[in-house]
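Visitor: One-letter residues, chain by chain:
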Amino acid sequence: MPPSVLGTVAGMETTVRLTVDGTPHEVSVDTRTTLLDALRERLDVHTVKKGCDHGQCGSCTVLLDDRRHLTCLALAVSYDGATITTADGLGEGDDLHPVQQAFLNHDGYQCGYCTPGQVCSAVGMLEEVKQGHPSHVTEDLEADVDLDAEGELMVDEEIKERMSGNLCRCGAYRGIVDAIREAAGLEQHERQEAGA
Amino acid sequence: MTATPIRPRSMGTHLTRLDGHEKVTGVAAYAVEHALDLPERPLHAWLVTSTIARGTVERVDASDALAHPGVVQVLDHTSARRLAKPDDAELAVLQDDAIGFRGQIVAVVLAETSEAAREGARLVRVHQTPAAAPAEVVLDDGEAYAPEVANAGHEPDTTDGDVDAALAGAAVVVDATYTTPHEFNSPMEPHAVTAVWDGEHLSMWDSTQSVHGVASVIGRALGLERGKTRVRAPYVGGGFGSKGLPHAPEMAAALAAFAADGRPVQLAVTRQQMFSLTGYRTQTVSRFRLGAEPDGRLLALSHDALSQTSRYKEFVEQTATSARTMYAADARATTHRVVPLDVAVPAWMRAPGEMPGMFAQEVAMDELAVACGVDPIQLRLRNEPDVDPDTGNLFNNRRLLECLERGAARFGWAERDPEPGVRLDGDWRVGTGVASASYPALFMPGNTTRIQALGEGRYAVSIGAVDIGTGARTVLTQIAADALGVEPGRIELSLGDTELPKATVAGGSAGTSSWGTSIVLAAQQLRADHGDDPDAGVETTATSEGYPDMENLALHSFGAVFAETRVHRWTGEVRVPRMLGVYSVGRVINPTTARSQFLGGLVMGLSGALFEEGYRDPRFGHVVTQDLATYHVASHADVGDLQVEWLDEEDTAATPMGSRGIGEIGIVGTAAAIANATFHATGTRVRDLPLTADHFLT
Numbered sequence: 057m058p059p060s061v062l063g064t065v066a067g068m069e070t071t072v073r074l075t076v077d078g079t080p081h082e083v084s085v086d087t088r089t090t091l092l093d094a095l096r097e098r099l100d101v102h103t104v105k106k107g108c109d110h111g112q113c114g115s116c117t118v119l120l121d122d123r124r125h126l127t128c129l130a131l132a133v134s135y136d137g138a139t140i141t142t143a144d145g146l147g148e149g150d151d152l153h154p155v156q157q158a159f160l161n162h163d164g165y166q167c168g169y170c171t172p173g174q175v176c177s178a179v180g181m182l183e184e185v186k187q188g189h190p191s192h193v194t195e196d197l198e199a200d201v202d203l204d205a206e207g208e209l210m211v212d213e214e215i216k217e218r219m220s221g222n223l224c225r226c227g228a229y230r231g232i233v234d235a236i237r238e239a240a241g242l243e244q245h246e247r248q249e250a251g252a
Numbered sequence: 264m265t266a267t268p269i270r271p272r273s274m275g276t277h278l279t280r281l282d283g284h285e286k287v288t289g290v291a292a293y294a295v296e297h298a299l300d301l302p303e304r305p306l307h308a309w310l311v312t313s314t315i316a317r318g319t320v321e322r323v324d325a326s327d328a329l330a331h332p333g334v335v336q337v338l339d340h341t342s343a344r345r346l347a348k349p350d351d352a353e354l355a356v357l358q359d360d361a362i363g364f365r366g367q368i369v370a371v372v373l374a375e376t377s378e379a380a381r382e383g384a385r386l387v388r389v390h391q392t393p394a395a396a397p398a399e400v401v402l403d404d405g406e407a408y409a410p411e412v413a414n415a416g417h418e419p420d421t422t423d424g425d426v427d428a429a430l431a432g433a434a435v436v437v438d439a440t441y442t443t444p445h446e447f448n449s450p451m452e453p454h455a456v457t458a459v460w461d462g463e464h465l466s467m468w469d470s471t472q473s474v475h476g477v478a479s480v481i482g483r484a485l486g487l488e489r490g491k492t493r494v495r496a497p498y499v500g501g502g503f504g505s506k507g508l509p510h511a512p513e514m515a516a517a518l519a520a521f522a523a524d525g526r527p528v529q530l531a532v533t534r535q536q537m538f539s540l541t542g543y544r545t546q547t548v549s550r551f552r553l554g555a556e557p558d559g560r561l562l563a564l565s566h567d568a569l570s571q572t573s574r575y576k577e578f579v580e581q582t583a584t585s586a587r588t589m590y591a592a593d594a595r596a597t598t599h600r601v602v603p604l605d606v607a608v609p610a611w612m613r614a615p616g617e618m619p620g621m622f623a624q625e626v627a628m629d630e631l632a633v634a635c636g637v638d639p640i641q642l643r644l645r646n647e648p649d650v651d652p653d654t655g656n657l658f659n660n661r662r663l664l665e666c667l668e669r670g671a672a673r674f675g676w677a678e679r680d681p682e683p684g685v686r687l688d689g690d691w692r693v694g695t696g697v698a699s700a701s702y703p704a705l706f707m708p709g710n711t712t713r714i715q716a717l718g719e720g721r722y723a724v725s726i727g728a729v730d731i732g733t734g735a736r737t738v739l740t741q742i743a744a745d746a747l748g749v750e751p752g753r754i755e756l757s758l759g760d761t762e763l764p765k766a767t768v769a770g771g772s773a774g775t776s777s778w779g780t781s782i783v784l785a786a787q788q789l790r791a792d793h794g795d796d797p798d799a800g801v802e803t804t805a806t807s808e809g810y811p812d813m814e815n816l817a818l819h820s821f822g823a824v825f826a827e828t829r830v831h832r833w834t835g836e837v838r839v840p841r842m843l844g845v846y847s848v849g850r851v852i853n854p855t856t857a858r859s860q861f862l863g864g865l866v867m868g869l870s871g872a873l874f875e876e877g878y879r880d881p882r883f884g885h886v887v888t889q890d891l892a893t894y895h896v897a898s899h900a901d902v903g904d905l906q907v908e909w910l911d912e913e914d915t916a917a918t919p920m921g922s923r924g925i926g927e928i929g930i931v932g933t934a935a936a937i938a939n940a941t942f943h944a945t946g947t948r949v950r951d952l953p954l955t956a957d958h959f960l961t
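Which chain is which? The protein sequence lines are A and B, in order.
In terms of this note's numbering, the first sequence opens at residue 57 and continues consecutively.
In terms of this note's numbering, the second sequence opens at residue 264 and continues consecutively.
Just so you know, these hints were derived from the structure itself, not from any lab.
Source: prediction; values computed, not measured.
You may find that some hints are simply not true.
[Said to hold, decoys possible] Below, a sample of chain B positions facing chain A; criterion: calculated Cβ distance under 10 Å:
(1) 286
(2) 287
(3) 289
(4) 298
(5) 500
(6) 533
(7) 865
(8) 867
Ideal Cβ positions, reconstructed from N, Cα and C, are used throughout, including at glycine.
Just chain A, same shape as in the assembly (with noise of 0.2 Å):
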C-alpha cells in the first residue's frame, strides 16, 4: 500500500515536493517529520542514513540544492520544492561518480554506513573549495582556495578539516582522504604495505 494510506497520522500531515535523484514526489509528512525520516521512512530511499539524529556524524549528508546538508537537522515542511540527491543519485546511469571510484580504489570504507554521507560530503567539499570558500586551516582567508596551492602538508590538513563532520567508526579515514585526492586530481600518497 502506499505510504500516504497507512503509515500517517490523521491530522498532523502536509504536503511537500521532492526532488529526489531526478525522481519527482508529493509526500505526505507531519509536521514533526525530518527530511531524513520523510526520505526513509515515507519514500523508502534508504541510500541516505541515520547515526545518530543529532546532526553529531553525518551519516545522513545529502546534497540538498547542491550544497552538502543534514538531513536530520532539517524538517521536512521547509523545503518543499527542494531537489536532494543522495549517494545513489550522483552518478551518470550507471556509471560511478569519480568521487565514489575513488573511494572504491581506496577501500574508503569498511561497514559502508557512513559511506553515502562521507561521499556526499567529499563531492559538496570539493565545490566548496571550487567555489573559494576557506576552512579553519586556510592560512590566507583573501586569497583563492586551492587544496594544493599550500604545500603538500596542507592538502590533507585542509581535506581532514572539511571532512570532520563525518564520523566513520571503522576508521577509514585514511582511504577517504586518499579517495578524495585521487578524485581532486592530487598527486597520491606513496604507500608501502607488506614487506618479506
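Following the hints, complete the assembly by docking chain B onto the known chain A.
Guide: Frame of chain A, contents of chain B only:
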C-alpha cells in the same frame, strides 16, 4: 575429514571489496531498510526506559500515549508475551516489574509513524518505586568479589612462583595502577531490527554479528521450535563486539512483533539509548607490578584487575589474560575481581581484555625501561619467552621481536634520544613511544558450508557468516576460489541468513579463520566426492569441528605500535601526527581489506587513547555522555599519518589458509604507545585513559 592447507592464488592479492558498489551508492540495505520486502507498512516501535537505577515499576499509565494520534499499542510487563526461558536477565525484557538499572526497557510504544511512536513514548507515564536500599552505581559503592570465570572462559586467577618474594628481592620495581574508563562501541549504524511474526515464524532483519546466534538465543527464550526463527543480516553497519550477542532491543522487537500479530515492526535504538542497552567496555583498574634485575630482566610480574559488572547479569572483562603470555618471568600472578552494581551490563568491545590489559602492561614496561635505563625495545627483547609462559606450549610463530625491529627501522627509532621532556618545537613538546601488541588466534568449531556446483567451473558457496564491514564477503570468496582452484569471479557466495548453513559469530578475530576453514573443508570434500568437474547441481555440505595442527601450540598474533605525539606546552592538547603498526598475523588474505582492518584498529586505539570516556552520573547511574558530541570518537581531523605493514608469512598451523585473525590486534597496545610517547614528550607519566589535556597541566 579435516581441512588441509590450500595453495594461495587469489589469497594474498588485492581484490576490490565485492560489495563496494552497493556501499558507495548507499543501496546496501541495513536492518531497518527492508520496507519494500515487507507484506505491509511496518509499525514503528519506540522504547520507554527507566529513570531510576534500582526499584520496581508500580504501574505504566499509557492513557495519554494511546490518545495520541497514530499510537496503536503500548506494551509493558503486564502485557508483553511471557518468555518460555527467561533465564538470561538481560533478555528477560518486560517480564516482571524489577528495575535493575537506569535506562532499562520498561515499555514499548507501537505507532503508525516514528514521530507518533516517539511522542507516544514521551507521553507514557511510568510510576517507579525506588528500592529501600540505595542504588550502587560506581566502583566505590560496592564490594568486589572473585568471579568463577572471566569472559571467554578464562580462569580468573593464576599463580606461578612467589611474586611477593621475587619482588622483595628485585633490584628494580615498578608498582603502579592504571585505569581505563567506560568505553562504548558506537558503531555508525545504531542497533536496529525489523521483525515480523506470521503466527508460526518469527522473521527478523537484525544488525548483528551472528544471525544464527540471535536466532538460537532469541528463539530458545521465546520457546519457538528450532527453525521457526529466521534472522537475516545482509549488511551490518559495524559492531565492534556490541552486536556479537543479542541485547535487550532485539527481544523488545520480537515481543513487539508478537503484539503486532502479523504487522511488521521496525525498531531503531536511538544513539542515546545505545549507551545503556547495547553493551560497553567496563572501566578497569589494573595494579601492575614488575620486579626486575638492573638490566631489565623480569623476575616477577603481576596484574591485579578490577572491573565492574551489573548485579542482574555477570560480565567479567578478562583484563589480565595478556599478562599471562607476553613476557617471561619466573614469578607471575594474575587476578580478576569485579564489583556488581545497579548498572547496565557491560559486554564485548573490540579486544575485550587485551585492550585495557595491554594498556596497563605496556605502560608498565615503559616505566621499567625508564627505571632501568634500557631502551624499551631492548627491554622486550630481554624478556622474550622461549615457550608460552601460560601453558608451557611452544608458540606457533612468535615474531614479536621482528615486528619491533622492523618498526624501529622504519620509524627512525635509532635516532631517538631517550631523555623525556626535552624536545620543543614551537609550543609543542614532541616525543615518541612504542608498545607491543598481541591477540590470540582463536578458532570456533561448528561452522558448516554448502558448496553447489553450477557447471562450467562455477560454484555457489553458502554459509551463514556475517560481513560487518570486515571484508568477509570478499575474503571468503577468495578462500573459496583458492580452495576450489578457480577464479574468484566463479564463486557466488551467500551469507548473512539463518536459511544458510550454521556459522559462528563475527567476533574474537575468529570469523575468517573459522568460516574459511569450513569453506576449505567443504571444497576438499566436494573434490573428494565428485572430482574436479562436478555436474551442475552436485553439492556437498561439511562441518569443521577443529583444525588438528593447532593442538598443543600457543597460537597468537603479535605486533608493534609506534607513535609520535605532540603535547602543547600551554594547553596540554595532545596530537598524534604519525603512527606505525607492524604485524605478524600469518598470511594476509586480502592486503586491501586487511590494511583497512589494521588502520581501523589503530584509529580506534587512538580514539581510546585521547578521547573516549563514558562518564557515569554517580547519583543516578546513567551515562551522561550519551551521544557523539559528548562521547567523542576520532574524526578525520584527529587522525594523522598512519602506516601499517605486516610480515610476509603463512601459518598453516593455525588455519588451512595460513592466516590468523586480524580484526582486533590493531587496537591492542595503541593507547599504550601513545601514552608512552606523551611521557617521552613531557616527562609526565599518565596512567589513566583518556590522555586529556588536564593531565599535562601540572
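Visitor: Does the closest beta carbon of chain A sit nearer than 10 Å to the beta carbon of residue 286(B)?
Guide: Cβ of residue 286(B) sits 3 Å from chain A, so the hint holds.
Visitor: Would the stated hint for residue 298(B) survive a check requiring a Cβ distance to chain A of less than 10 Å?
Guide: holds, 5 Å
Visitor: Is the interface hint for residue 533(B) satisfied, with its Cβ closer than 10 Å to some Cβ of chain A?
Guide: Holds - the Cβ of residue 533(B) comes within 10 Å of chain A, reaching about 7 Å at its closest.
Visitor: Given residue 867(B) was flagged as interface, is its beta-carbon under 10 Å from a beta-carbon of chain A?
Guide: holds, 6 Å
Visitor: Checking hints one by one. Is residue 500(B) an interface residue toward chain A, by the C-beta closer than 10 Å rule?
Guide: With a closest approach of 3 Å, the residue 500(B) hint holds.
Visitor: Given residue 865(B) as an interface hint, is its Cβ closer than 10 Å to any Cβ of chain A?
Guide: Hint on residue 865(B): holds, closest Cβ of chain A at ~7 Å, below 10 Å.
Visitor: Hint validation: residue 289(B) versus chain A, beta carbon distance must be below 10 Å. Holds or violated?
Guide: Constraint on residue 289(B) satisfied, holds at 3 Å.
Visitor: So, residue 287(B) near chain A? Judge it on the closest CB pair being under 10 Å.
Guide: Nearest chain A Cβ about 4 Å off; hint holds.
Consistency note: the structure conflicts with none of the earlier hints.
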